[in-house]
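> Protein chains in written order, with this note's numbering: chain A, 1 to 319; chain B, 1001 to 1362.
Keep in mind that a hint or two might mislead.
To be verified - Derived lysine to aspartate or glutamate pairs resembling EDC-like cross-links, with alpha carbons at most 16 angstroms apart:
hint: 1; chain 1: A; residue 1: K250; chain 2: A; residue 2: D86
hint: 2; chain 1: A; residue 1: K250; chain 2: A; residue 2: E239
hint: 3; chain 1: A; residue 1: K199; chain 2: A; residue 2: D184
hint: 4; chain 1: B; residue 1: K1267; chain 2: A; residue 2: D86
hint: 5; chain 1: B; residue 1: K1267; chain 2: A; residue 2: E115
hint: 6; chain 1: A; residue 1: K10; chain 2: A; residue 2: E34
Unchecked claim - Here are some of the chain B residues that sit facing chain A, going by a computed Cβ distance under 10 angstroms:
hint: 7; residue: F1254
hint: 8; residue: S1260
hint: 9; residue: L1261
hint: 10; residue: G1262
hint: 11; residue: Q1263
hint: 12; residue: H1265
hint: 13; residue: H1272
hint: 14; residue: N1276
hint: 15; residue: Y1280
hint: 16; residue: I1282
hint: 17; residue: A1284
hint: 18; residue: S1288
hint: 19; residue: P1330
Derived by calculation from the structure, the hints in this document are not laboratory data.
Given the structure is predicted, the values throughout are model-derived calculations rather than measurements.
Even glycine gets a Cβ: it sits at the ideal position worked out from N, Cα and C.
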Amino acid sequence: MNLLEIKNLKMDFGSGADALRAVDGVSLSIGAGETVCLVGESGCGKTVTALSIARLVPAPPASYVGGEILLNGRDVLKMSNGELRDIRGGVVSYVFQDPGASLNPVFRVGNQIKESLKLHKPEKATNAEVIRLLKLVGIPARESRIKNYPFEMSGGMQQRVMIAMALASEPKLLVADEPTTALDVTIQAQILELLHNLKQRLGMAILLITHNLGIVGDMADRVAVMYAGQIVELAPAKELLRRPLHPYTKALMNAVPKLAGGANRLSAIPGNVPRIGNFPPGCRFAPRCPIAKSECSEKIPELVEVEAGRWVRCPYWKS
Amino acid sequence: METAMPISTAEEQMPLSPWQLFWRRLKQRRIAMAGGAILIVLYLVALLAGFVAPYNYDRQDRSRFFHPPIWPRISSFHLVVPRYEQLPGSFNYRATPNDTKPVRFFVHGGKYKLFGLIPATVHLFGTGSENYPVYLLGTDQFGRDVFSRLLYGSQISLSIGVIGILLSFTFGMIIGGISGYFSGWTDTIIMRLCELIMSIPALYLIISLRATFPPGMSSSQVYAMIIIILSFIGWASMARVIRGMTLSLREQQFVLAARSLGQTHLKVIVRHILPNTFSYVIVAATLSVPYYILGEVVLSFLGVGIQEPNASWGNMLTAAQNTEYLRNYPWLLAPGAAIFITVLAFNFLGDGLRDAADTKSL
Chain A
1 MNLLEIKNLK MDFGSGADAL RAVDGVSLSI GAGETVCLVG ESGCGKTVTA
51 LSIARLVPAP PASYVGGEIL LNGRDVLKMS NGELRDIRGG VVSYVFQDPG
101 ASLNPVFRVG NQIKESLKLH KPEKATNAEV IRLLKLVGIP ARESRIKNYP
151 FEMSGGMQQR VMIAMALASE PKLLVADEPT TALDVTIQAQ ILELLHNLKQ
201 RLGMAILLIT HNLGIVGDMA DRVAVMYAGQ IVELAPAKEL LRRPLHPYTK
251 ALMNAVPKLA GGANRLSAIP GNVPRIGNFP PGCRFAPRCP IAKSECSEKI
301 PELVEVEAGR WVRCPYWKS
Chain B
1001 METAMPISTA EEQMPLSPWQ LFWRRLKQRR IAMAGGAILI VLYLVALLAG
1051 FVAPYNYDRQ DRSRFFHPPI WPRISSFHLV VPRYEQLPGS FNYRATPNDT
1101 KPVRFFVHGG KYKLFGLIPA TVHLFGTGSE NYPVYLLGTD QFGRDVFSRL
1151 LYGSQISLSI GVIGILLSFT FGMIIGGISG YFSGWTDTII MRLCELIMSI
1201 PALYLIISLR ATFPPGMSSS QVYAMIIIIL SFIGWASMAR VIRGMTLSLR
1251 EQQFVLAARS LGQTHLKVIV RHILPNTFSY VIVAATLSVP YYILGEVVLS
1301 FLGVGIQEPN ASWGNMLTAA QNTEYLRNYP WLLAPGAAIF ITVLAFNFLG
1351 DGLRDAADTK SL
C-alpha cells in the first residue's frame, strides 16, 4: 500500500453554473520514503493539489466533486474535523514558499516550534526538544536563536525554522511547496541539501512542488508535470529529464537557459496558461503546442502508460 | 593613562524586541509620558483612597454645609488650619484669629478598610480634631468633604473605565475575530447585529438598558450593571475593526501554516490572529477609556447610576446642576476638573502609544 494515493481527484472553486474546475482528474501516488516532484507553470493547480492532501483548501469556495485521497489507506475527503487535525502535522506536514510570511511575526520562533510539538507530541514540548530540532536543521547558536523573533532571522534561517516545525511531529510525508522560491540561489542549494539529508535520515516521503526543473534532477525519484489542472506526464525523474515525451514537458525543458548555448534569446513557450474556467476544448495545451493537429482541439487525450512507469497525456508523443 | 575602550557586550548587540523598540519610541514622547505619569498617580491614589482621604465618604459635618475649601498655611514652621465659625443665617464662614491647630501626618481618624479588606484608622493627614477640619475642596450640601468623596469616587469612576474596556474589548476581539475568520453568513449576521447596536444613539440605549434592571439594587450591583451596559454598547465598534483586520490577517501564510499543523480554528484566531492586532488594540483601548468614564458620569448624573451616599464623579456633579449652587459654591465642580484631567491624560497617553506603535514614524 502506498503512503499516499490520489485517485482521479476533481476539485471545483465555487459551485453550480459558476464552478471552476481547478483540479481535473489528478491521480498520483507516493510510496513511503519516496520523493515526488510536482512541476508546472504558475496557476496549473500544483499548490491546490498539494493542499488537498490535508484538505487545507478552504471549503467553501472549494468543493471536491470526485475522486479520493487515500492517506495511509484512509480517505481524507471523508474524514471528520478531528481526524483531519490529527493527520495535519501528524502524518503530513507542510513547508511553504515564503518563510517570512509563514512564521507568526509576533511570537518567538522557539515558541512556534513548541506549538507544533504541543499539538502532536505534548510530552516532548520542551526547550531541549526545540533545540534538538534546530540542531537537526542546522541552525547555529540554538540556545539564543529560540528567543529570536522571525524578523531577526534571514530567509534561509526562517525556512530552516519552518522545516524544524514541520519535522517536530515526525510526519510520514513532507509537502514542500516551492520551499526555495523566495530564497537566493546559494541558500536554495543549502535548503535542498538539508531536505535531502533529512529525508535519508528520517525516512519520510517528500512531495516537492517547484517550477524549477533544475531542482528535479537533484531531488526527485519521480516527476509529475501538471498543466491546467491535469497531469500531462508522469515519469521517473532521470528518464523524464533525459527524454521528455509530452510536448509541454519538452517546451519546459527548452525554456531552461543553457550555458553552452551562447547568448541567444531565452526560448519561451508562446502564449499563456489558459485561465481557469476558460480551458480550450480537447487538449488543453493544443493552442500553444508546436505539434498540434486539428484533432487535438476536438478530443480530450487520456493519460496513457506508454512505457513502463511512463505516463503521457498526448497521442502524438512519438513525433 | 589611556581611556578604556567601551566593551560592547553581546546583550547590547542583540537586536531590540518589538516591545523594546515600542518603549524606546514612547519614552521620547514627553506629553504621553506625562499623561501616563498622571494616570499612575490617579490610580495609586484611588487604590489608597481610604488612606489618602482625611474623612469617610459619608461622614457629615452638620455644622459646616457648603464650607469653602480650607487650605493649611505655614505658621512658625508648622502647617496649620484655622478654626472657622459660621456667620449666623447664611453659609458664610469666618476664620477665628489666633486659633489654629497643626496639620499632622499619619493621624488616626475614621475607620476604613484598606483595599476593601484591611481595617485601618490611619489617614495620610488631618488634625485629629473635629473642630479643626481640613476640607481641601470644601464641603457639599450635606457637609461632606468633597476631596474625600472625590477620592472614593475615583475608585468607581477610574475602575469602571478599565474593567469596562477589558470586558468589551475581549468580547469585541473574539466576536470580530470569529466574524472575519469564518466570513460568509456568520460574518453577515454578526456585522448586521453590530450595526444595529451602533445605529442606536448611545444615550437612549444606555437609558433603556438601565430600565431593564430593577430599581433598588445594592451599590455593587449597580456598579456591575453600569459596566455591563457600557460594555454592551462598546463591543460592537471594536468587533468591526477587528473583523476588518482579521479579514486581511487570515490570508497570511502563517495562518495556513498553523492550520497545516492541525491547529483548531478557535486557537488559530485566539493565538495567531488576535495577537497581531494587539498594537492597535492597546492604543484603541487607551483612547476609549474616557468614554467609559464619561458613560458612568452620564448615568450617575442622571440619577440612575451610583446612588447616594456612595460617591462617584458623576453623582457628585449632580449637586452642581443647580446654577445658584454653581455661582455660590464653585468648588462643587471639582469632580468635573478631575474628569477633565483624567480624560486628557488618557488621550495624551493614547496619542503617544499610537505614534510609538506606528513603525513608519521616527
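> Each of the hints needs a verdict: does it hold here or not?
Verification of the supplied hints:
{"no.": "1", "hint": "A:K250 to A:D86", "in the structure": "violated, 41 angstroms"}
{"no.": "2", "hint": "A:K250 to A:E239", "in the structure": "holds, 13 angstroms"}
{"no.": "3", "hint": "A:K199 to A:D184", "in the structure": "violated, 22 angstroms"}
{"no.": "4", "hint": "B:K1267 to A:D86", "in the structure": "holds, 15 angstroms"}
{"no.": "5", "hint": "B:K1267 to A:E115", "in the structure": "holds, 11 angstroms"}
{"no.": "6", "hint": "A:K10 to A:E34", "in the structure": "violated, 24 angstroms"}
{"no.": "7", "hint": "F1254", "in the structure": "holds, 5 angstroms"}
{"no.": "8", "hint": "S1260", "in the structure": "holds, 4 angstroms"}
{"no.": "9", "hint": "L1261", "in the structure": "holds, 4 angstroms"}
{"no.": "10", "hint": "G1262", "in the structure": "holds, 4 angstroms"}
{"no.": "11", "hint": "Q1263", "in the structure": "holds, 6 angstroms"}
{"no.": "12", "hint": "H1265", "in the structure": "holds, 9 angstroms"}
{"no.": "13", "hint": "H1272", "in the structure": "holds, 5 angstroms"}
{"no.": "14", "hint": "N1276", "in the structure": "holds, 6 angstroms"}
{"no.": "15", "hint": "Y1280", "in the structure": "violated, 12 angstroms"}
{"no.": "16", "hint": "I1282", "in the structure": "violated, 13 angstroms"}
{"no.": "17", "hint": "A1284", "in the structure": "violated, 17 angstroms"}
{"no.": "18", "hint": "S1288", "in the structure": "violated, 22 angstroms"}
{"no.": "19", "hint": "P1330", "in the structure": "violated, 50 angstroms"}
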